[in-house]
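Q: So the chains spell out like this:
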Amino acid sequence: MPQSDIYNEIEYPGPYKQAWLKFKQNHVSWVCFCIVVFFIFVALIGPFISPYSPYYQDTNYVLLPPSWQTAGNVHFLLGTDDLGRDVFSRLIHGTSLTFGISLLVAFGAMIIGVSLGALAGMSKGVRSSIFNHLLDAILSIPSLLLAVVIVAILGPGLDNTVWAVMLVLIPQFVHRTQIVIRDELKKEYIIAARLDGASEFHILKNSIFPNIIESIILQYSLAVSAAMLDIAALGFLGLGAQHGSPEWGAMLADSIDLIYRASWLAILPGITMFLCLLSVNTVGHGLRNALKQRSE
Amino acid sequence: MFIYLIRRLNLLITTLFVISIISFSLGHLFPGDPVINFSGHPSLTYSEYQTISQQLALDKSYFEQYLVYLTRIFHGDFGVSFGSQKPIVDDFFRVLPASIELSFYALVVTLVISLPLGLWAGIKNNTLIDRVIFSIATVFNSIPIFWVGLLFILIFTLNTGWLPMSGRLNLLYEVPTITGFLLLDIGLSELPNKGYVYLDALHHLILPTITLAVLPVTLVIGMMRSSVIHVMGLPYIKAAQTKGLSSWQLISRHVFRNALLPIIPQFGLLFNTLVTSTMITEVIFSWPGIGHWIIEAIYQRDFPAIQAALFIVASMMISINVLLEIAHMLVNPLMRKEFNATK
Amino acid sequence: MIKLDIKHCWLISVSLFYLTGCDLAGLASKPKPDPRLQDGLVYCSEGNPENFNPQTTTSSITLDASARQVYDRLINYNSTTQEFEPGLATSWQTSDDGLTVDLFLRQDVAFHHTSYFKPTRSFNADDVIFSFNRWRLKSHPFHDVAPDYPFVQTQQLNLLIDDITALSPYHVQIKLVQPSSSFITQLTTDYMVILSAEYGHYLNLVDKKEQIDVLPVGTGPFYFAQYIPDEYIRFKAHPNYWDGKSKLDQLIFDITPKSSTRLAKLVTGECDVIAYPIASEMEILQDKAGITLQSRNAENIAFWAFNTLKPPFDKPEVRRALTRAIDLQTILKTVYYGMAFPAKSVIPPSSWGFNPNLTLYDYNPELAKKELEAAGIKAGFEMEIWAPHIERAYNPNSLKMAELIKANLAAVGIRVNIVDYEWTTLRKKLAAKEHDSVLIGWSADIPDPDNYLRPILSCTSAILGNNRAGWCNPEFDTLLIKAQLSENRETRKDLYFQAQSILNQQVPIVPIAHSMSFLAKQDNVFKVNFSAFSAISFRETEKL
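Chain order of the listed sequences is B, Z and G. Start counting the first sequence at 1; every next residue gets the next number (my numbering). Start counting the second sequence at 1; every next residue gets the next number (my numbering). Start counting the third sequence at 1; every next residue gets the next number (my numbering).
No lab work stands behind these hints: they were computed from the structure. Treat the hints with caution; some may be incorrect.
[Claimed, not checked] Not the full set, but computed from the structure, chain B residues with beta-carbon under 7 Å of chain G:
no.: 1; residue: 61
no.: 2; residue: 83
no.: 3; residue: 136
no.: 4; residue: 243
no.: 5; residue: 256
no.: 6; residue: 272
[To be verified] Simulated restraints on C-beta separations:
no.: 7; chain 1: B; residue 1: 47; chain 2: Z; residue 2: 47; range: 41 to 47 Å
no.: 8; chain 1: Z; residue 1: 75; chain 2: G; residue 2: 85; range: 52 to 58 Å
no.: 9; chain 1: Z; residue 1: 245; chain 2: B; residue 2: 153; range: 57 to 63 Å
no.: 10; chain 1: Z; residue 1: 128; chain 2: G; residue 2: 294; range: 56 to 62 Å
no.: 11; chain 1: Z; residue 1: 5; chain 2: B; residue 2: 206; range: 39 to 45 Å
For each residue, glycine too, the CB sits at the ideal point set by N, CA and C.
Make a model of the complete structure from these sequences and hints.
A: Written out as structure tokens, the structure reads:
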């Protein structure tokens, strides 16, 4: 017996779904989203699918150009570097290092930053003012300088860079969370909840948090791209991932010595990184637009 | 108004205080002996060590050490550099003008390019031209600055040989340092045929300036565009339109000014980006400025220099931020009103 | 959509542009050069000098920046004619018993007139005595200004000289404790520079003694004008140079540590001459119009030194096993691009002291692994390799070499941390013996086998710090001293053979390669003196 439509109500998509649909309507954002997902996929399983180890040195094939050039070799798709290491495999591993670590670092910074931001946003008076001054002080230090100083304390190396970059990102999350919570707190539904006798924690958890989660995700996308830039910049300056690591910035730094002879070593990591950054940034923009359109 | 200034000043002072604490604690956090890190003398005899330790109160409590550190900072004494064994302040102010000069030109380039483009994109919102400008801005925003530098060097230096790739001036020109700002110094110097020297200096400036400007340009285009879109939607623009103002009048009198005002405080963020980019640009183009100096200090594990650099650069950034906010308040009547209303 | 299109166009155009190696050089139009730029020369050097006094160091960066620009020696050695030539001494004479050396000095040699010191008299015997006594006598007012005088101390010249006296203002007599076959040769080295005694007295009066090595005054073809660390050194032509004023008005050392940057600056014309172009780009340079390469003999040795004061590197069997684990052929191919000779011993094969009968350690990871296990090194053992990140004459890229060794050692179960320090910092830390092992080397100062062994492996140098292995073997030292005292080449040869056998047995250092070293310059630059056994000299250089 065919079911009648009468009893079915018209289904309105929830706010998240609405945003998602808006987001998907924008083709560019959608494509970039797919690219980001692809990069995440590569970062996760890259080490298992790369044809060679990033450190494997095949000294019979040194400085081989990419395979589409006449001198290239199809076994080394994107050529080899000056130690005979496969550039393609190194780029794949670099994805885990530069992009994968950025995702994690930004996530860690988000957890800490949002908790601190919530604390600061909900508190008032002297405590809040002291906290704000501290935050202003840290935010006024240029991020790379702060990272460089932290690296100077801990010593160079990718592991130390991770902490440095995370510490740099936390204040930005705190700042953003604090602002959106302040904005939310002024709204009437919060006052209503307060009049109902809801505790501060309750308000934060049930009323404010669902409303600010999107701004935080937006901030997360910014943080990922900032983290990538900082990790790669430190690698490039020789303060982060060390010489010889497949981290993209370090690969670029290593390529400079050969820029005349093997320009693909400088071009390929650059393009990869650019593509990844562009996708992340475009997804961020798309997200912002989608949220804006939904509220309209 | 007065109270506002006091509050800003209060913010400035407390933030500086926090930064001085951070900078002070670095002396203990860095690897190695605090006495050596604070003074900058790497090899000391036992008696020298004792004297310096007493001078800096390093044998006393942290609080007393901090007070001594503050007094030293007030006297401009940041110790000596491990590398050059000269007072750090001297080194710092020797390289500072080069950075300021470069950042200043980059800032000018940024404003000249990005304000009109941002304005244009904002006015023509949702048209082809808006999308083109915005897309290009997004694309350039996503290129890592060190890669831009490398590409520029590849194209304009190695492949074509049009522009030099490092330094501020051909070293064979000996321009005496008077102000530290090269273009001024050339003017003040007594070199014959200054035209050649200026030409050379400008040649050296082009690539670093453009590289440095790339990121700020994209940021300001974004800020300006959204600000213009916001202003364009406001009722008084509609009113002005109905009054029959030509679009040129409308844009120059109403939109441009009103869109510019709210983004002034955001310039603080811009300076932050600018400093970060300056560090990398200076390394790529061997520009003898602060960034180059700091990175060299890190390679040489020159802890007193890093400590001083953190303090001075952060203080400068805070002062710029506060000044921008005050300037914003002075030029923006709305802001004043808001302030008075809440007070 | 548009966004995507733009992105694609951009990507494709950029990739095509580079991957096809598009060259727009034809489009370039250079403006007419300023005549002022023709009278000066920019030499892009590889690092910061420690100071400007060759007596106090063995770092070739310091030597390059001072020895032949600011200073003169009493006697010069011409490497093309292989003969001695008069310098500040017009003639010299050794007595029959070999114990007295008489030097007759040149008259009217002017010292530099600089912003910080105005000399009132010209060069005479006082300056010679002042300069020699500085490193010879502890009582000399300037002896303690520098921590040590590595060359003369490892060569034990301070012990060899009994007395120096001025018989007249232009006649100096040096008395030796025992005859020495190489004394005159040693006088020609970069370290035997003549300082100004008058400047010394002046500094002593104003109590600024340490200034003597920082703001130098000499008699050389160029005087010191300005030094900004990490940026440049400015020299100007000494107008009253005794051998005629230099054809260059100005000489700039543009300090450019990255070799790729140096090469690029040579291509763009920002440098007239560059130090040590990297081996990997040699092919490109050879074909490049407008650029010429100058080479010099491989009178150097790159080696991997173990800190033998630190366990487990104090055990010869560990060091031998590590030697076997290293694939030297690959290093020669990828680091030196074939521009080097494999090192079988510390002494290069071109020297008469080279011992061809050594049994070498072949590359054999399996055996190495067994030997390491036998010596108690378990898999997962961690060690550090220090590598300076600047090019040296003997090693164009020690970081890359470290990288290769790291891979080799990983195969035998050893984990390597590569540590790279800036050059001056590295030298300080090495002298403090904080390292596990280091990739470093040595360039010879004089054509004598002794110069390869004593400065880097003797007990004296272990104490002074230049022996990067910290290795001291009395038997080895006795052989060196015996060889030094003997006049008979065959006897000496035999002793050096024995010394090399001990080295081969003990492996405090693993010899890696003797590298040819190069200098690249613009075609319009002539007569740069770039030869083995001496620092670079621009005395006769011309730019047309």
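Q: If a hint holds in the structure, say so; if it doesn't, say that too.
A: Right, here's what the structure says about each hint:
1. The interface hint given for residue 61 of chain B is broken, as the beta carbon of that residue sits about 11 Å from the closest beta carbon of chain G, more than 7 Å.
2. Hint status for residue 83 of chain B relative to chain G: holds, with the closest Cβ pair at about 6 Å, below 7 Å.
3. About 33 Å separates the beta-carbon of residue 136 of chain B from the nearest beta-carbon of chain G, more than 7 Å, and the hint is not met.
4. Satisfaction of the interface hint for residue 243 of chain B is found here, the shortest Cβ-Cβ separation to chain G being roughly 5 Å, below the 7 Å cut-off.
5. Interface restraint check: residue 256 of chain B against chain G, minimum CB-CB distance 5 Å, threshold 7 Å, status holds.
6. Using the Cβ-Cβ criterion of 7 Å, the hint placing residue 272 of chain B at the interface with chain G is not satisfied: the shortest such distance is roughly 11 Å.
7. Range check, residue 47 of chain B to residue 47 of chain Z: Cβ separation about 57 Å, and the 41 to 47 Å hint is violated.
8. As the Cβ distance of residue 75 of chain Z to residue 85 of chain G is approximately 56 Å, the hint placing it in 52 to 58 Å holds.
9. Checked against the hint of 57 to 63 Å, the C-beta distance between residue 245 of chain Z and residue 153 of chain B comes to roughly 59 Å, which is consistent with it.
10. Evaluation of the 56 to 62 Å hint for residue 128 of chain Z and residue 294 of chain G yields a pass: the beta carbon distance comes to about 59 Å.
11. As the Cβ distance of residue 5 of chain Z to residue 206 of chain B is approximately 42 Å, the hint placing it in 39 to 45 Å holds.
In summary, the numbered hints that this structure violates are 1, 3, 6 and 7.
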